[in-house]
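Trainee: Take a look at the letters that make up each chain.
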Amino acid sequence: APFGVFAAASMKTALDEAAARFAAGTGETPPLLSFAGSSALARQIMQGAPAALFVSANTAWMDTLEAEGLIAPGTRADIATGDLVLIAAPGYAGELTIGPGFDLAGALGGERLAMALVDAVPAGIYGRAALQSLGVWDSVADRIAQADNVRAALRLVALGEAPLGIVYATDALAEPRVRVLGRFPPDSHPPICYPAAVLAEFDTPPARAFLAFLTGPEGREILNRHGFGSPDRTE
Amino acid sequence: MSGWLGPAEWQALALSLKVSFWATVLSLPPGVLVAYALARGRFRGRELLNGLVHLPLILPPVVTGYLLLMTFGRRGPVGGWLEDTFGLVLAFRWTGAVLAASIMAFPLMVRAIRLAIEAVDPKLEQAAATLGASRIQVFATVTLPLIAPGLIAGAVLGFAKAIGEFGATITFVSNIPGQTQTLPSAIYTFLQVPGAEAPALRLVAISVVVALAALAASEVLARRAAKRVAGE
Amino acid sequence: MSGWLGPAEWQALALSLKVSFWATVLSLPPGVLVAYALARGRFRGRELLNGLVHLPLILPPVVTGYLLLMTFGRRGPVGGWLEDTFGLVLAFRWTGAVLAASIMAFPLMVRAIRLAIEAVDPKLEQAAATLGASRIQVFATVTLPLIAPGLIAGAVLGFAKAIGEFGATITFVSNIPGQTQTLPSAIYTFLQVPGAEAPALRLVAISVVVALAALAASEVLARRAAKRVAGE
Amino acid sequence: MSLTVDITHRQGGLNLQIGFEAPGGITALFGRSGSGKTTVVNAVAGLLTPRGGRIELHGQTLFDADAGIDLPPHRRRLGYVFQDARLFPHMSVRRNLTYGARFAPPGNGPSLDEVCALLGIGALLDRRPGALSGGEKQRVAIGRALLSRPRILLMDEPLAALDAARKAEILPYLERLRDSTGIPILYVSHSVPEVARLATTVVVLEDGHVARTGPAERVLSDPATVRQIGLRDAGAVLPATVALHHEDGLTELAFSGGRLFLPAIDSAPGTPTRVRILARDVILSRPEPREQSALNVLACEVTELRGGEGPGMMVGLRCGDDRLLARVTRRSATALALAPGERVYALVKSVSVARMDVGTG
Amino acid sequence: MSLTVDITHRQGGLNLQIGFEAPGGITALFGRSGSGKTTVVNAVAGLLTPRGGRIELHGQTLFDADAGIDLPPHRRRLGYVFQDARLFPHMSVRRNLTYGARFAPPGNGPSLDEVCALLGIGALLDRRPGALSGGEKQRVAIGRALLSRPRILLMDEPLAALDAARKAEILPYLERLRDSTGIPILYVSHSVPEVARLATTVVVLEDGHVARTGPAERVLSDPATVRQIGLRDAGAVLPATVALHHEDGLTELAFSGGRLFLPAIDSAPGTPTRVRILARDVILSRPEPREQSALNVLACEVTELRGGEGPGMMVGLRCGDDRLLARVTRRSATALALAPGERVYALVKSVSVARMDVGTG
Ligand SMILES: Nc1ncnc2c1ncn2[C@@H]1O[C@H](COP(=O)(O)OP(=O)(O)OP(=O)(O)O)[C@@H](O)[C@H]1O
Ligand SMILES: Nc1ncnc2c1ncn2[C@@H]1O[C@H](COP(=O)(O)OP(=O)(O)OP(=O)(O)O)[C@@H](O)[C@H]1O
Ligand code: MOO
Ligand SMILES: [Mg+2]
Ligand SMILES: [Mg+2]
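Residue numbers (my numbering), protein chains in the order written: chain P, 27 to 261; chain G, 3 to 234; chain U, 3 to 234; chain W, 25 to 385; chain H, 25 to 385.
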């Protein structure tokens with residue numbers, strides 16, 4: 027039977043391609059990919075979900091699983107990093123340079139800044155951290171439209187409902203309707219990384235092989251093509 | 003109690019009540035109208051109307067929210083027109099949350115009211131007509147009072163649904179504390195974070211209490227109205 | 003048509019139909035039982051039962067899914083017991099999706115059936131009793147056939163709801179293709195991919211068609227049953 | 025003041041073709057179950073659209089198939105008393121009664137107080153319909169129709185659901201209604217005593233067509249109507265005048281053929297009234313009977329003999345200017361050598377003229 | 025074979041205290057609307073639990089308040105014919121009829137064919153109840169009750185909703201039922217002619233208690249029962265035997281006081297039967313009447329004179345071994361010098377003994 031992969035929804039396109047390539051290259055049956063929010067997946071894993079590999083968008087949930095002893099020792103690895111970008115809706119003419127104290131509130135012109143939930147969803151948490159370190163959070167805190175996931179925030183900007191939004195660079199890359207105004211300095215927020223790990227209960231060689239594929243050159247190439255960065259080090 | 007809930011949660015509770023209340027109140031009149039048309043009307047497109055009303059029940063809420071966003075968003079055809087014509091903005095406002103909750107609660111409401119209308123004896127309506135009441139007057143003075151128990155049941159069902167609505171609301175109007183952050187959004191937020199189950203369940207308990215209170219009240223009201231209607 | 007949908011989408015459609023069908027079929031008997039108890043019973047805890055039945059309507063689906071996961075998950079109290087005792091695993095199986103859909107559709111079903119039962123003339127049941135039928139026999143031979151239209155309406159409402167159920171399902175049994183990835187989950191997955199609205203809307207169209215067909219069929223069936231029941 | 029009905033319709037297996045004229049007073053629609061009575065009343069009320077024909081009330085066209093006229097019920101201004109009362113369960117008796125008035129054009133119909141007094145329902149005003157007896161319900165329904173200031177009252181078997189005692193309670197109200205308000209009434213019944221007591225005009229329906237129509241006295245006293253009326257209920261209706269109230273509790277009436285004694289009735293001497301004498305209650309005698317208990321012995325002339333399939337015959341009699349009906353066996357008819365022109369005595373027990381069969385008017 | 029009822033109950037404003045015994049045959053519960061008839065029947069059926077007392081059927085206790093016995097309806101094995109038929113709308117006539125049999129213990133009740141023949145419903149078996157006429161519905165309801173092999177039949181005004189013609193259609197079936205099956209019947213009615221025709225025992229209810237009870241002939245022919253029965257319907261019930269069918273369509277009956285002629289009835293000579301003679305249909309004469317149309321002239325002796333408030337008197341008569349009732353005016357009673365012991369002739373028109381009032385048995 028194919029092994030199961032639980033992955034953060036934001037990795038769907040990249041992982042779909044990687045899985046196909048992995049299967050084609052190794053002759054294995056392709057893994058069964060399930061995408062949902064990282065929190066839902068993590069909880070399901072804690073309830074014994076039949077996943078051999080977990081790819082999270084969220085370090086906190088991976089930490090929780092690790093603390094519970096659910097991941098196969100030594101298999102945790104960051105497979106990708108991400109960048110946070112400021113995007114603009116179609117037809118938004120303004121330009122903006124991201125930097126300390128930059129005039130985000132002015133650029134919004136009284137309208138909304140689309141983000142993922144700033145207390146709950148990783149993209150939102152990172153975004154808030156970035157705005158806080160740049161000193162502009164307080165000026166826009168009450169102008170934020172929080173979506174339940176980063177793709178929904180992206181959609182708000184793509185549809186023009188919000189003129190500006192903060193999403194991952196990967197999302198911006200995949201959505202032709204939005205324009206990237208700028209990239210948040212990596213040091214303005216905690217490092218964005220996508221940890222993956224083989225899960226102890228369903229640990230199988232093919233799952234380990236797929237994780238290795240993802241961290242290997244071929245996997246990196248695919249992830250890079252979808253806008254993810256490469257982690258400097260693997261654990 | 004105020005120590006038990008933070009100010010943000012109080013805000014979410016108050017907003018949920020406000021949104022659900024208005025969603026219920028505002029969708030009652032069209033609900034009655036549509037239910038009446040479905041129960042008594044013999045027009046082309048009746049099946050279509052019936053299907054349309056049921057759509058929000060059939061579709062995943064996220065899709066409903068997405069369709070609402072496309073239609074009633076500021077760039078959407080209806081949303082733009084509403085803003086230009088009436089200055090009415092739904093997107094990112096609590097008014098939009100009301101719209102989303104209304105739409106989601108609508109099929110349940112219509113179902114309950116339709117069943118009530120189908121149970122009204124047309125002979126009483128005929129009697130009213132022979133006494134000089136026009137069709138609208140008959141409806142207002144005979145049909146409407148007689149379906150009161152059904153109306154109450156439908157309204158409370160709608161209210162309960164509105165209290166619990168999440169997917170369509172957050173997709174359409176996002177989560178803006180004080181504006182569109184209803185109880186379910188707050189609950190969802192807590193559920194995303196490891197270890198925050200306790201506050202989430204606290205909010206769940208609150209919405210359960212609110213909705214059950216509404217349900218219980220409705221059973222009492224409906225029974226009283228049914229007695230009234232039975233002419234005792 | 004097969005060119006229009008990919009194999010994964012066909013799989014999702016087939017799974018959705020299977021899950022909704024079983025959810026409907028399996029929740030009908032308890033639905034009838036609970037509806038009968040609520041309509042005719044005069045027992046303590048009636049209000050409580052009523053509230054409990056309505057919970058899935060009131061709670062955000064994600065919460066329902068969360069509670070299901072905690073209860074029926076493999077490490078949950080009931081889930082573990084089911085697995086140890088009967089070898090029955092619900093979590094992350096299509097059977098779990100059936101459970102989630104059943105739970106979500108249950109209040110709608112019970113409502114519709116309860117209204118139908120309340121409309122049955124107790125005089126007919128009395129007549130059956132004087133003819134020698136015990137309470138259960140009366141129910142089986144008189145009450146049940148007479149509520150057939152309500153049963154159909156309730157079942158189809160439940161089916162429609164099950165077809166659209168998303169939040170509880172994905173939270174409880176995840177989104178495993180071929181196992182638990184129903185149409186709404188598939189739609190959600192597409193909506194996670196920028197620019198994939200087209201395939202998402204294609205799936206939306208399919209679920210709308212399926213649910214509307216069920217609705218239309220139910221109207222016809224219910225009308226036919228109503229005629230039968232009217233003794234014509 | 026009149027209603028003209030001339031309609032065709034198809035319903036179930038029945039082909040209706042009905043034409044009649046209802047002048048003032050009470051017009052009774054009489055006929056067996058299924059003969060089309062309710063259908064006609066519904067057509068007049070506008071609750072049913074006939075296939076063809078015309079309905080006209082006081083000169084206004086309510087319905088005309090050819091001209092495409094079909095006034096909706098609420099614009100016909102008629103008061104319909106349904107067989108089953110149909111009171112609004114969610115309104116008090118008072119609100120039921122005043123329901124129609126708010127839709128009616130201002131006018132000088134009877135007031136609430138007048139109607140309450142007429143129908144004896146003043147004490148019920150604040151009750152709910154569910155707390156009324158059958159007879160009370162029906163009276164409220166009549167009052168409700170009346171207070172809508174209708175141009176005609178339609179009453180479909182308003183008393184059929186009630187037992188004999190309740191009927192006796194309501195009939196006097198209907199008589200007062202007929203006499204005190206000028207509103208014409210179309211009255212459906214299959215009770216001959218009711219029709220005999222109330223109707224000024226009778227329309228006999230049979231299988232969807234009008235079998236006979238005319239003034240009540242004439243239609244009911246006609247031996248040819250026996251088939252529709254039934255043997256048990258066949259009888260003559262005589263106009264009479266109250267002459268005298270005797271001390272022993274009898275009232276003496278004068279009619280063209282002499283005097284009639286019956287148990288005391290409530291009307292003052294001089295009041296015109298109407299009595300019904302059932303054919304089966306009349307005994308014919310050749311010699312003048314003596315020393316027997318029947319107080320009413322009327323000298324008559326045989327006008328007509330009609331035999332049916334059974335052993336009985338219907339004998340038409342002239343008594344003064346009025347007509348009587350007697351039902352005798354063939355054997356008796358032969359034994360008495362009855363033939364048109366023969367003179368006989370009719371014995372009618374005063375007590376067999378029941379109160380039910382006496383109406384004022 | 026008997027039913028014993030002795031219960032107390034409170035319902036609405038009414039205090040019921042009812043005790044009576046129903047032997048075989050038809051026991052009629054008779055009384056004004058609201059007197060408690062349906063309440064009693066429901067108590068017997070187990071659809072209502074009385075406050076106190078006992079109900080016993082064929083020696084089995086159905087209900088005993090003190091002993092805490094209250095058999096549920098489905099274990100009482102009785103056939104209840106409701107006023108409103110209550111056929112199961114979702115079943116064919118056939119399935120309605122056979123419904124009860126599957127719950128009944130095996131036994132030798134009547135077969136479906138027998139019941140269909142008895143009630144004349146063989147042609148209806150595949151129809152739905154909605155497609156039946158009122159009379160047909162009621163007959164199916166009777167058949168359904170009968171086929172459940174009940175130990176007693178309860179019939180609550182089974183004919184009240186029907187017009188006279190329909191009633192006449194059904195009564196013979198009930199008579200056949202009484203005579204051909206041994207099942208006792210508890211029959212509720214407020215129609216005196218029905219009771220007179222059918223009942224072997226009469227229980228007269230008044231305001232929740234038993235005003236009179238006894239064999240039908242005695243209760244109905246008793247001048248004291250007039251108050252409950254009403255003047256119009258008071259009369260005697262005579263047992264008689266069919267003697268001869270005459271060619272002119274008359275049937276001659278023999279009874280203890282002589283001969284009676286009435287329109288042909290369907291029974292063979294020698295059949296015991298029962299005729300009712302309404303008090304208001306009897307004329308008393310001192311001399312023997314001659315050359316008049318009433319065929320029945322009976323020599324009688326006055327036994328009793330009862331005056332009421334009105335101008336009439338009820339005269340009890342002995343005729344052979346049987347009793348007759350006559351209603352005359354006070355004036356006539358005085359004129360004829362009626363007194364107990366006096367001999368008079370009673371004139372009864374043969375045709376005034378209506379077919380409805382003739383029963384076999
Ligand atoms: N809705 C209907 N559909 C088909 N046939 C009908 C309908 N209503 C009445 N009929 C038929 O039309 C005929 C006339 O019915 P109508 O109700 O006018 O009779 P009626 O004279 O009022 O009888 P009743 O004295 O029983 O009230 C009957 O044969 C009846 O069966
Ligand atoms: N459910 C009830 N609640 C209160 N009072 C009732 C109820 N049912 C009947 N009654 C009252 O009990 C009394 C007896 O009723 P019951 O039905 O036995 O009368 P009945 O003799 O059958 O009359 P009818 O000839 O009208 O059927 C009546 O006064 C009635 O008003
Ligand atoms: O992959 Mo996420 O959890 O939608 O940011
Ligand atoms: Mg009718
Ligand atoms: Mg009764």
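To be clear, the hints were calculated from the coordinates, so they are not data collected in a lab.
For clarity, every value in this text was computed on a predicted model and none was experimentally measured.
Be aware that a few hints might be false.
A few chain G positions that, by computed beta-carbon distances, are all more than 10 Å from chain U [to be verified]: (1) Pro9; (2) Ala16; (3) Trp24; (4) Pro31; (5) Arg42; (6) His56; (7) Arg77; (8) Pro79; (9) Gly82; (10) Trp83; (11) Val91; (12) Gln139; (13) Pro147; (14) Phe168; (15) Val210; (16) Leu223.
No farther apart than 27 Å at their CA atoms in a straight line, the calculated lysine-lysine pairs in the BS3-like style are these [claimed, not checked]: (17) Lys20/U <-> Lys125/G; (18) Lys229/U <-> Lys125/U; (19) Lys125/U <-> Lys125/G; (20) Lys38/P <-> Lys229/U; (21) Lys20/U <-> Lys229/G; (22) Lys229/G <-> Lys125/G.
Every residue, glycine too, gets a C-beta built ideally from N, C-alpha and C.
Trainee: Now tell me if each hint is right for this structure.
Mentor: We went through each hint and held it up to the structure:
no., hint, result
1, Pro9, "holds (21 Å)"
2, Ala16, "holds (18 Å)"
3, Trp24, "holds (18 Å)"
4, Pro31, "holds (22 Å)"
5, Arg42, "holds (14 Å)"
6, His56, "violated (6 Å)"
7, Arg77, "holds (15 Å)"
8, Pro79, "holds (17 Å)"
9, Gly82, "holds (20 Å)"
10, Trp83, "holds (23 Å)"
11, Val91, "holds (24 Å)"
12, Gln139, "holds (27 Å)"
13, Pro147, "holds (19 Å)"
14, Phe168, "violated (4 Å)"
15, Val210, "violated (6 Å)"
16, Leu223, "holds (14 Å)"
17, Lys20/U <-> Lys125/G, "violated (45 Å)"
18, Lys229/U <-> Lys125/U, "holds (20 Å)"
19, Lys125/U <-> Lys125/G, "holds (22 Å)"
20, Lys38/P <-> Lys229/U, "violated (52 Å)"
21, Lys20/U <-> Lys229/G, "violated (43 Å)"
22, Lys229/G <-> Lys125/G, "holds (20 Å)"
Figure legend: structure checked against the earlier numbered hints; hints not met, in rising order: 6, 14, 15, 17, 20 and 21.
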